[in-house]
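Chains E and W are the protein sequences, given in the same order.
Residue 1 is where the first sequence starts when you use this note's numbering, and the numbers rise one by one after that.
Residue 1 is where the second sequence starts when you use this note's numbering, and the numbers rise one by one after that.
It cannot be assumed that every hint is accurate.
Derived DEER-like restraints, expressed as beta-carbon distance ranges [stated by the list, open to error]:
#	chain 1	residue 1	chain 2	residue 2	range
1	W	37	E	207	21 to 29 Å
2	E	294	W	137	15 to 23 Å
3	E	81	W	56	42 to 50 Å
4	E	275	W	124	38 to 46 Å
5	W	63	E	81	39 to 47 Å
6	E	80	W	212	16 to 24 Å
7	E	156	W	212	54 to 62 Å
8	W	138	E	80	16 to 24 Å
9	E	201	W	56	52 to 60 Å
10	E	282	W	166	49 to 57 Å
11	E	156	W	280	19 to 27 Å
12	W	166	E	125	28 to 36 Å
Derived from the structure by calculation, the hints contain no laboratory data.
Given the structure is predicted, the values throughout are model-derived calculations rather than measurements.
Idealized CB from N, CA, C, for every residue including glycine.
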Amino acid sequence: MTEEILKIKDLHTHFFTDNGEIPAVDGVSLSIKKGEVVGIVGESGCGKSVTSLSIMQLIPSPPGKIVSGTIDFKGENLVHASNKRIKQIRGNEISMIFQEPMTSLDPLFTIGNQIREAIRIHQKVSKKEANQKSVEMLKLVGIPRAEEVMNDYPHQLSGGMRQRVMIAIAMACDPEILIADEPTTALDVTIQAQILDLMKKLNEEKETAVLLITHDLGVVAEICDRVVVMYAGQVVEEGTTREILKDPRHPYSQGLIRSLPKLHEKDQKLYSIPGTVPKPKMGMVGCRFRDRCRFVHERCYQENPELFSLENNRLSRCFLSDDAEGKVVKDAEANIGS
Amino acid sequence: MSIKEKDKQSVDEQSNPSKANQQFDQEDMKVISPWRDSFRQLRKNRFALFGFGIIVFFILLGLLAPLLTSYSYDATDPVNRLQPPSAENWLGTDDIGRDIFTRIAYGARVSLQVGFFAVTGALIFGTILGIVAGYFGRWIDMIISRIFDILLAFPSILLAIAIVAILGPSLENALIAIAIINIPIFGRLVRSKVISLREEEFVMAAKAQGMKNGRLIFHHILPNSIAPIIVQATLGFGTAILEAAALGFLGLGAQPPTPEWGAMLASSRAFIQLAPWTLIVPGVSIMLVVLGFNLIGDGLRDALDPKMKN
């Protein structure tokens, strides 16, 4: 087993707003191994992005704050790391790319300027060397006529090209972890596939671990080794991509996968999980998915489900996965069948 | 027939696609820096060019004053008092026989200098305070913004008078007063721009690259907020000159015999019926310079605003 380079334990990131304290991330634990691609899936507002920003210590503060929990990066707790140390880590050891490639580049500077800058923040190299490295990076991310693009301004490039540039910038210092916050959401499908291929390629060549945040299960299926499903600020299921896509255990994951359009079935209507995500608030008791769940029973209202361990290091936050309730599951399924 | 002709035409147009493509490519390949682009826009604006012409005229007038006139700006000639414009005295003489053209030319030096230094001072301090307030926020922003509010609560000329009253009337003190009253105007402008830029994704991305605050501010936030600063500085030039003239008119600015336009107006106002040129000439000069700066400022605003581009 390879070493875990990032270990998040019981992370709580809360936002202190005029309407009270909002637990956007409520006890998330996850880990990333060297060279692994981990996906975080969930619908809007489930805390995916806040988790990733917490890792980078980029939570806008105020109103946001990491209330408790540890983010362990190679034995170093990032929550308590000094500002200076965090700035050394950002972009150098952990990089991040954002959702909107159209606005992630400074419109006033040329592409070359911005990549050079990213390199020279962390590495003591001459302008010429930085230049060389920049062209190399642009070639690596598959930008044709890289030398010319160096002198282009962001508005002269398409969205896909800009996202490639963002990836080039993020990868310029050979980070150990690349956090990609919905990197393909703003791109059309063909470009999306290219960008995912590129990320997979970089992951394999450079052994960079990738934390991919997305709401798109298709993206997950394409490149992730392991998937973490989040719902309302919590991890509800974790397992390998194959397991989760083939045999989801948590009713929410099941719903997510059922709602995917299928190639061979000509259903009139796509399945959707009834109801909406509950607004996160302090002191919620019981399962957060209970109001939308097919298998809801009394226990869901009384206790907070823990993450139950299943075979193969799988985890699921549902009482149905509790061994003691194994029978109830069968019964419930039988009931629905009838 | 006509349809056929049209067809023929379209065929003609299509007949040389390679050339059309080539042209497009060349256009596409040319890399234009945003600044160059704005400059090109500015050159197309006739009003701005006109304003630019006025300012260049007055700058040259000030610079070349000793060459343009054989008079000295403080040489009195009691015999030729209040003379109308003539071949000898192009714009006439004032109440103690000084040549008005000479005084206007030397006065241009004074006014433009006041404008320049007052705006530069206000610009530097206002921008620094605005960036600090906008970028760091919280209590720092609170303190700086309240100071701006207090400064803006006074009518600006009243505040300037108060400051000059404390420091004593002189051109330098008028300059300092004008700079101070203009600080909050720049400060608030920069602060609001910085606050909106702070939320931009590229700033977040730059932070995620591990950029330090100083670098982020000077390399990304400042360059991106420079456009409104430039526009405000140009417009502020005109305001500063106007305020300097007002202080001069009140006797709080340049002291005689310095040929300051506002002071010239003040000293000639008793002769408005007897010798109107003594008032009209400095008055029109002030008006023209302010107009010039305003035209340039408006032109710059249009040129620097990407939404105004076509």
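Consistency of the hints with the structure:
no.	hint	in the structure
1	W:37 <-> E:207: 21 to 29 Å	violated, 43 Å
2	E:294 <-> W:137: 15 to 23 Å	violated, 47 Å
3	E:81 <-> W:56: 42 to 50 Å	violated, 57 Å
4	E:275 <-> W:124: 38 to 46 Å	violated, 58 Å
5	W:63 <-> E:81: 39 to 47 Å	violated, 58 Å
6	E:80 <-> W:212: 16 to 24 Å	holds, 20 Å
7	E:156 <-> W:212: 54 to 62 Å	violated, 29 Å
8	W:138 <-> E:80: 16 to 24 Å	holds, 21 Å
9	E:201 <-> W:56: 52 to 60 Å	holds, 58 Å
10	E:282 <-> W:166: 49 to 57 Å	holds, 55 Å
11	E:156 <-> W:280: 19 to 27 Å	violated, 53 Å
12	W:166 <-> E:125: 28 to 36 Å	violated, 54 Å
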